[in-house]
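Given the structure of chain A, go ahead and fit chain B onto it with the hints provided.
There are 2 protein chains.
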Amino acid sequence: MPPPRSLPRGLTLILIPLALSLIIRPLLKAPSHLVLPALETNVGFAILAFVATAYLIPALGENFIKIGLKGRDLLKTYDDAIPECQGLICAAVYITLLTLFIPFPFSSFLTRERDYDVEGLAGGDFPHQQLATYLSALLSFMAATMLGLLDDLFDIRWRYKLPIPIIASIPLLLVYYAEQGLTTVVIPIPLRKLLGTVVDLGPLYYVYMSLLSTFCTNAINILAGVNGVEVGQALIIACSVAINDLLYLPWPYTLRLGSRELGGEWGAGLAFGSKELVERHLLSLYFMLPLIGVCSGLIFHNWYPARAFPGDTLCYFAGMTIAAAGILGHFSKTLLLFFIPQIFNFILSCPQLFGIVPCPRHRLPKLNKVSMLLNNSEADLSWEKPSVLRDIVLRTLSFLGLTRLTVDPKTNKIKSCTNLTILNVLLIWFGPTTEEALVVRVMLTQCAGSALAFFVRYGVAGFVYDGDRR
Amino acid sequence: MPPPRSLPRGLTLILIPLALSLIIRPLLKAPSHLVLPALETNVGFAILAFVATAYLIPALGENFIKIGLKGRDLLKTYDDAIPECQGLICAAVYITLLTLFIPFPFSSFLTRERDYDVEGLAGGDFPHQQLATYLSALLSFMAATMLGLLDDLFDIRWRYKLPIPIIASIPLLLVYYAEQGLTTVVIPIPLRKLLGTVVDLGPLYYVYMSLLSTFCTNAINILAGVNGVEVGQALIIACSVAINDLLYLPWPYTLRLGSRELGGEWGAGLAFGSKELVERHLLSLYFMLPLIGVCSGLIFHNWYPARAFPGDTLCYFAGMTIAAAGILGHFSKTLLLFFIPQIFNFILSCPQLFGIVPCPRHRLPKLNKVSMLLNNSEADLSWEKPSVLRDIVLRTLSFLGLTRLTVDPKTNKIKSCTNLTILNVLLIWFGPTTEEALVVRVMLTQCAGSALAFFVRYGVAGFVYDGDRR
Chain A
1 MPPPRSLPRG
11 LTLILIPLAL
21 SLIIRPLLKA
31 PSHLVLPALE
41 TNVGFAILAF
51 VATAYLIPAL
61 GENFIKIGLK
71 GRDLLKTYDD
81 AIPECQGLIC
91 AAVYITLLTL
101 FIPFPFSSFL
111 TRERDYDVEG
121 LAGGDFPHQQ
131 LATYLSALLS
141 FMAATMLGLL
151 DDLFDIRWRY
161 KLPIPIIASI
171 PLLLVYYAEQ
181 GLTTVVIPIP
191 LRKLLGTVVD
201 LGPLYYVYMS
211 LLSTFCTNAI
221 NILAGVNGVE
231 VGQALIIACS
241 VAINDLLYLP
251 WPYTLRLGSR
261 ELGGEWGAGL
271 AFGSKELVER
281 HLLSLYFMLP
291 LIGVCSGLIF
301 HNWYPARAFP
311 GDTLCYFAGM
321 TIAAAGILGH
331 FSKTLLLFFI
341 PQIFNFILSC
351 PQLFGIVPCP
361 RHRLPKLNKV
371 SMLLNNSEAD
381 LSWEKPSVLR
391 DIVLRTLSFL
401 GLTRLTVDPK
411 TNKIKSCTNL
421 TILNVLLIWF
431 GPTTEEALVV
441 RVMLTQCAGS
451 ALAFFVRYGV
461 AGFVYDGDRR
Chain B
1 MPPPRSLPRG
11 LTLILIPLAL
21 SLIIRPLLKA
31 PSHLVLPALE
41 TNVGFAILAF
51 VATAYLIPAL
61 GENFIKIGLK
71 GRDLLKTYDD
81 AIPECQGLIC
91 AAVYITLLTL
101 FIPFPFSSFL
111 TRERDYDVEG
121 LAGGDFPHQQ
131 LATYLSALLS
141 FMAATMLGLL
151 DDLFDIRWRY
161 KLPIPIIASI
171 PLLLVYYAEQ
181 GLTTVVIPIP
191 LRKLLGTVVD
201 LGPLYYVYMS
211 LLSTFCTNAI
221 NILAGVNGVE
231 VGQALIIACS
241 VAINDLLYLP
251 WPYTLRLGSR
261 ELGGEWGAGL
271 AFGSKELVER
281 HLLSLYFMLP
291 LIGVCSGLIF
301 HNWYPARAFP
311 GDTLCYFAGM
321 TIAAAGILGH
331 FSKTLLLFFI
341 PQIFNFILSC
351 PQLFGIVPCP
361 RHRLPKLNKV
371 SMLLNNSEAD
381 LSWEKPSVLR
391 DIVLRTLSFL
401 GLTRLTVDPK
411 TNKIKSCTNL
421 TILNVLLIWF
431 GPTTEEALVV
441 RVMLTQCAGS
451 ALAFFVRYGV
461 AGFVYDGDRR
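In order, the protein sequences belong to chains A and B.
According to this note's numbering, the stretch in the first sequence is residues 1 to 470, in order.
According to this note's numbering, the stretch in the second sequence is residues 1 to 470, in order.
Careful, some of the hints might be misleading.
For identical chains, the list gives no copy identity; a pair is met inside one copy or between any two copies.
Result set (DSSO-like, lysine-lysine): computed pairs, CA atoms no more than 27 angstroms apart in a straight line [unchecked claim]:
(1) LYS193 / LYS333
(2) LYS70 / LYS369
(3) LYS369 / LYS415
Source of the hints: derived by calculation from the structure; they are not laboratory data.
So here's chain A without its partners, still in its complex pose:
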């Protein structure tokens, strides 16, 4: 195994004072001069999150190996033990910093001089009543982390594993209930004649929220297997959510996009003067920026060739964080758009997950130890009974370029197919490659997915929704 990576000392020496100054500045300066003082602090915490995670992972790795939280890298030629479950360090740093962040948006010392409203907006600060909501989210993050750690420790079986994100989301849901949160959804224009403009889903809304956290968690868990891919996708999704949030904040300048005008002096971007929208997206940002920090810290060590593995803890924790941002920010539909590659991967996997096509234990690409390139891994069908359904599914997927079949030229029977994952599709389309290049391909796919998501959300959605976005 290559030696551990460490942050360049120069970078640390720049980042730490920068972070501290961002945290302290709102305390020193008359806060009324700042647009979003707590957000500035949050950026400081996000930088600290990056530095702390990047520092702690190599420092604590040995301890994880000692107690058996270790794995070996299946796509390498060496056999060294690599610390697993490093998502625990991310989660611990994240939750600690988010706890220390509590007084900034929620106590009065930042807001005492800023009781004024600008254009109907409370100059960008945050209502104290939302403290309970914030705390319930922290509880859910902690529950997800705890259950993730237990999963990594005890290797919980699949059927016990599935409800874990639902259990972790209970604090969020119950506080949402106790606080009498909205359970309505806005109906797309074409369906309004049928259902009305707004429909109250009632208890179904809670089912929807808990399923959202299950989805986010498992979506990240299932697209895995090559160095950096779990944390990389979490990072890109978190960045996409953060960019989306930034569009709704009150910036002191105007952005023109074609005929559309975003912002205006003290205007609130796409929030168009809605205080509620600003608050929701601020809350989401408070969760996303430190998540970006810890994920960046982990990917620094998890990038090819990996010195640390994220473990299930990261998937549970990051999935829960992203889901909570979507739930509390009320943009769950937009959030789902950022998961386009994961949804694609899931749908593609279904024939193997549901037993139509045989599913080997590991579906990750194979390392060719001569060329040192990754090749498609395959599912062997030669011993399977013939099945019309399977043949139709596989030949359709093959026609779409999503799998490559090996067919017996005499009998025309399918002997094997490449495994049905997005990683294998990328290898079919662009040829065998190194592990690092494959991860880059996945990351670019994820970025393309986010670009598509923004296009759908702000280009296409205009036809089916009006400005009334709740």
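Only chain B this time, still in chain A's reference frame:
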């Protein structure tokens, strides 16, 4: 090792329906007919907590042993691996139930028909504003559990361990700060000429609160070593706190104690009509009753001969819970009184902890494998340099009956002394005994301590405090 214990099936069949009916009754009946509907639910949850813990510990024990969370019993003749860290199961059950409990006191469905006040008290129910406080306590419990588990897993060194309870109490303190909680203390009457009736401690109050959680945690951790003693003391302290809380609730009947009248129809016991006092002690009860439940479940398996060990997780978790009840209930001085045996044990241990008297690695009593009785363990002084301070300390303690010395009759030099713990004192005073009888002695001491505490609090405190108890 003897076979695992299991709850009698008949008991389970009685307890589960009883618990469910207590939980469901306030939902069915017009809540206005009940005095404290959420408290009734809480009792139901406490019973469930007991059943769940008692069931899960033997069911999950093997998994703990498998991943190395195991220990062997030092005071037994057998050598079997016994699952450690079972406090984790207590904490998981406790936190899950307290999370599920959220809607009962904090949402409106129990209170919608009860907007009336009786004699100035809101018929015993709970203000929604306190939700943030409740959640912050849950966060602290979870942090304590997480850190306890990490301690059990990684065997954290002492100097890193000490601040753990302070870290775990941060959510509690920060929310207390953000909510602008009281930081004043009432001064005893004799000192009021000097300091005034009430003094605002300001930031010192936060230091005091975090030290309280450190104290509660370590007090339980240090009095350990014989089967059942950690969880037994936590159980008795929790019961004492709960009994103290019950004195402040509005009961529909009057209790006469000498010249003192407690309660009165819809009166609020010792709260004398203060809504705030009722609410504080209700919150404390909500925390204590399920704690009594999980501790009873654990002691069922941890009682001599132990089939399960609590681990540090229990000490952190139970200590934090008890401290939070004292902090949020504003009765930290009364709480400290319930720790009289622990304080005595700590003061007695000081000469060994601070190196005046040599401290062997284990100070627990020794098993005599012939008589099968526990005898005093001793610290060997024969190789130590002479020390006047040590001689004074040991001869004073020996004079008080708190240690037994072995003195060389020729030189009059102290050759050894019994270890300075309350367990050894009980063996000196009442003679060698079985492990089970020793635990009973400790439990009786703890009960006597609580009785003394109640006497001091409600008998003696009247001379130094008036009714103005904040």
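Out of the numbered hints, which ones does the structure contradict?
When the structure is compared with the hints, none of them turns out to be violated.
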